[in-house]
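**Q** Chain by chain, the residues:
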Amino acid sequence: MSTEETPAPRSLAEALRARDDASLAALLRTRPDLITPVPTDLTQLATRAGTRASVVRALERLDRFTLQTAQALAVAPDPAAYDDLLALLAGDAADPAVTAALPRALTVLREQALVWGGTDRLRLVRTARELLAPSPQHPSPTGLGPTVAEATAGMSPGRVQEIVAAAGLTSTHDAVSAVASLTALFTDRKRMAALLGSASPDSVDVLRRLVWGPPYGQVTADPAAHLRWLLDRGLLLPTAPGTVVLPREVALHLREGLAHRTTEPLPPGIEHAATHRPQVVDNAAAGQAYTALATVEELLKDWDEGGPAVLRAGGLSVRDLKRTAVALDVSEPVAAFWVELAYAAGLLASDGEADERYAATPAYDEWLEWPSAQRWARLAEAWLTATRTPGVIGGRDAKDRTLSALGPGLDRSAAPEVRHRVLALLAALPEGSSPTVESVLARLHWERPTRGPQQDREGDEDLRTRLARWTLAEAESLGVTGRGALSSQGRALLGAPAAPVKAAEPTGPGDKLPVHHRDHPHPHAHPHAHALEPLSASEQAVASATAARLLTPLLPEPLDHVLLQADLTAVAPGPLKRPLADMLGVLADVESKGGATVYRFTPGSVRRALDAGRSASDLHDFLTAHSRTPVPQPLAYLIDDVARRHGHLRIGAASAYVRCDDDAVLSEILADKRSANLRLRRLAPTVLAAQADPATLLDGLRAMGFAPAAESAEGDVLITRAHAHRTPPRTAPDPVPDGPPAPDTTLLSAAIRAIRAGDLAATTPRKPTDTPAATGDLPRTGPAETLATMQAAVMTGEAVWIGYVNAEGAASQRVIAPIRVEGGFVTAYDHTADEVRTYPLHRVTGVAELVEDQP
Amino acid sequence: MCTYVNGPLIVQSDKTLLLEVDHEQAGECRRAIAPFAELERAPEHIHTYRVTPLGLWNARAAGHDAEQVVDALVQYSRYPVPHALLVDIAETMDRYGRLTLSKHPTHGLVLTTTDRPVLEEILRSKRIVPLVGARLDPDTVAVHPSERGQIKQVLLKLGWPAEDLAGYVDGEAHAIELAEDGWALRPYQQQAVENFWHGGSGVVVLPCGAGKTLVGAGSMAQAKATTLILVTNTVSARQWKHELVKRTSLTEEEIGEYSGTRKEIRPVTIATYQVLTTRRKGVYPHLELFDSRDWGLIIYDEVHLLPAPVFKFTADLQARRRLGLTATLVREDGRESDVFSLIGPKRFDAPWKEIEAQGYIAPADCVEVRVNLTESERLAYATAETEEKYRFCATTATKRKVTEAIVRRFAGQQILVIGQYIDQLDELGEHLDAPVIKGETPNSQREKLFDAFRQGEISVLVVSKVANFSIDLPEATVAIQVSGTFGSRQEEAQRLGRVLRPKADGHKAHFYSVVARDTLDQDFAAHRQRFLAEQGYAYRIMDADELLAEGAEGTEG
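These protein sequence lines map, in sequence, to chains A and B.
The working numbering numbers the first residue of the first sequence as 1 and each following residue consecutively.
The working numbering numbers the first residue of the second sequence as 1 and each following residue consecutively.
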């Protein structure tokens, strides 16, 4: 602690003024909200640093011990001496860990401008104090109540003197000194112990129950003897009728000086679940990285010819997600992860057409051409920095709408930071060791404790914890980690230095499952590994490239051959080179995926290849070229057999035909130049197909001097004669009358009733009011008067005349007989509408009584 | 720096394991994964194994733990094994043994748990409730002894397999020895008997002609107790009897036949499935055979044919040792898992090609001959009723010509012509001048004809599906299949099995399947061949014209 600040600062602004640029920069880095917009001077900066929103934000970002320090300062006297603060945190037992950790916590608080002042005069920023100090509305996390002075503030001097006397102190002449001497007694451990020593066990029990908070208790008007004993001595002080509070000094005495039940000066260590050989970790991660690439490719291949439709509200429908999950052979949340990953990496997007669908982007085609490791780095980088969190898919947003994959509302701004932090924690572990999930979560929770009581409720974890869980799972499926431990390529991706030295040798030659190793919780070696900061875009690019370079040798080399078997399968014992994989994908059906791919040849798949323009000999050559084994006879036969029948039937479109038993005539037609525009083609000796329609064909042939006859679909000769032209079936037009339609009786009676009622409302003689309204205007009265008049009308059962504005904003006048007025609504018989209706009072612009002699 | 070991195994994400046969470590790897993975396909280069929960639990029951399984995969895998799969294996194996069935001094059979929530969970299942009795303490519940098989089956389906520690009854002792005079059990038969005996109960899968009867005899010699043998038909029963008398110390008098004609119950009784499932007035009068003696061993021959009533009754026989024998554990009704849960897990399985390589079954040349329908036949086929279509194309007249050509070609060898449709067979019999054995042929006549065939007095025999199973015709070298039971895979394998008995002169067997091109017959044939193709039998496909042309030249003898 630096104590040589020349004159003690009198305000935060002065304290800030005294700080050097570096320390101000540190402040602004941790609290960037202070420079938007840039403050004009330090006074303004200090003011802004003291605003509630900014302080809340700063407090939320403190680690648990620093927050506890701030909380302790809030219950300490203002200003507080360093030693007082230490006593509150370390307790009477003077926990050495706390003593060691406190200077760091205080430095952080000072740096963040939450605490200022010299070591003997530590001051918590006023707003922070207000936020953290206990009050009946906001019980402090410390569970402490108000001080004696605060609790006795409203008490009569006589009562104070009675308490002082009962506590065995000499009475003083004024209340202030009496309270001071009572406080002195309560803070004196020895005298206090003596006082409590004389208490009955029941009384002590009451104190014990209140000691860790909440400090408030209920008493009856006539308390029992043991409570009375406590009340008499000021060990419990009344705050409101029937409520008592345990004064802060008493509680601290009982807590042996501690402000918190458990002070956590050190971050919880990360427990090792298992240690694997680093090579095993890297290989497992590489295997998973390969799977990730294969999955993304498979997903986009599945969506190649038009992906699923975009929901009107954006996103993927639950059905489409389900279908995708089945296609990828994974669970739906996992499918959602892959879809979101491809989206985050810019490989898929909505096409923006009228009927919007999802499809691969041009960037995907580019991505496909890259080397595998680089493709992985692109995915991993996109994942690391994305704010979209697939984990929340399937949940509901604040408006109770389902969150759909690729839909809106998936961004969680904390996600990249949590991802980075979790991986940084893994990076701090020795190479090859995987942590237990719970210890990682506990550590994160320490670093950023969530406020509010809901943090520990089961099944309702806070967002950061859930983000951390997702991070661990996603890192594994993406191959950033392998067997739960950070891989070297993952480490490179973070821009982390090489791994720390190995802590323990792996236990065996073989790789072990985590279930067998719950032992050796490793004492955390790096309690404050904050050094690993998120990288800037350019640094990230370098890191990704390094990661890709590390990954390259670990990924299986693409093969250029398969093994063909007589059961009509082909096995690719590893990833295939792209052209080979594409061709096989057409020629055979994929039966099993993984490290290898099993293909099955079926007549259908062979036909597909033939349809794609390959000939049987192409296929034979292809298989011979790429098979390491001779092509089995049944497979060769299958291809020939399918090829034999392929294209046996030919199909085309023609709009008309010419049929003639004499093929010489047809040859003559074809030879005639004039027939060129009819686009005739000879299908068989006696048949010509034409692209021209039958009428044109008839005319054309007639023009050439032939006498063709038209034929019906059944082959009969059509008798052509001039026939009348007809439209398709049409309905006769509806008459369009000049005026409105003649009203029917129901409509008429309703209209008349409305007119009469309106008339009544407009013409009813009204009692003159103070502010006479112009004729036809809505009555205007104040809300209170409206209410009173309505209530009076309910009592007397009279009808009143109101002005009313409906939900569309249209004003009307109505005559109503109120029946009931409650909850801001008036229920009344509406003479205008001839039924009982309910009107919100706030829509009634005014009310006027009707003249006595009217109905 | 290539960092992975170039192992022979590739672990797929769908839990299949691909084993490269030609790899130098293949044998080692096969032994390592055999305890927990099922051999699914065994074509020439890459064998496919599948890891199933059942397989993993059987491995647990046989004393392997998750770590060994994972080690085996990691050690031999060419690529990194997906972590999810390893975790899944550990979790699946962890489910075994939470529940145990054991004997209780006062309550008979009890189900105990080491994990109370599991017991709570299964007791909530509607299918468990009728099978259990009183709750004896929080971790134990009584089980009706007769429901032992049933509860095991249901627990398996619920995913919490019970470890059965209740043991077996020894049964009535009866001295049985193998009479190994001049012959001995083959190594794989010995292995099968041992595996079965150590496992208690289970199924042994061996190719046709590989000597399953001897595995049965070997097991009986181990049990040395009264034995009930269930077989498919009377002819097969006689063959069992004949073989047992020849190979063991048993005499004719000790072996009884329990069939439609004879009802003998002796220390070793051979019964047919047919008589057991004969139903009179809604009851199965012959099922009491199971209780007529204190059997120490029950052998189910051709267990893939086990009829439903026997299934049900077998569930009540869990305290007796059970041995299932089969060549083809594929059922088109998908009840393979029932066989495993009621008889017991697969204890021994040998790929056909491996036995062939050892010379115990004859190598076979499988040929599919495609015949063209004539134009008028094609028209008739196109207009035939759906249910008549298969029959129509399977019995096309062209097949007769091809069959005759093949018979001519192998003149002098022992030839079986096998078919489904009696009319077709009768016609073939007429043209080939060969006797026809069909359902209506009396047993005595059948045996006489089979005998004559074995002696070489008849060289061509036309048989219907009655000869599908268990007919021992060692000298048959050529089988011609003209039609079949739709797409039945096991029928195809069994028919091939007819010619696989090793030949005295060691020459090849020939199996011809005559199929009508571009019809249902061809589709069914493709399905039927699947089992054999997966066992590594490569079918050659020939056009009938090609074959007829060759025949005309008169090559090959």
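These aren't lab readings, by the way, just hints derived from the structure by calculation.
Only a predicted model underlies this, so the values are computations on that prediction, with no experimental measurement involved.
Treat the hints with care, since some could be wrong.
[Claimed, not checked] Here are the simulated DSS-like cross-link-like pairs (lysine-lysine), alpha carbons at most 27 Å apart as the crow flies:
1) B/Lys448 to B/Lys438
2) B/Lys312 to B/Lys389
3) B/Lys448 to A/Lys322
4) A/Lys301 to B/Lys15
5) B/Lys15 to A/Lys322
6) B/Lys15 to A/Lys593
7) B/Lys389 to B/Lys353
8) B/Lys312 to B/Lys281
9) B/Lys15 to A/Lys577
**Q** So, against the hints stated earlier in the document, which numbers end up violated here?
**A** Of the numbered hints, 2, 3, 7 do not hold.
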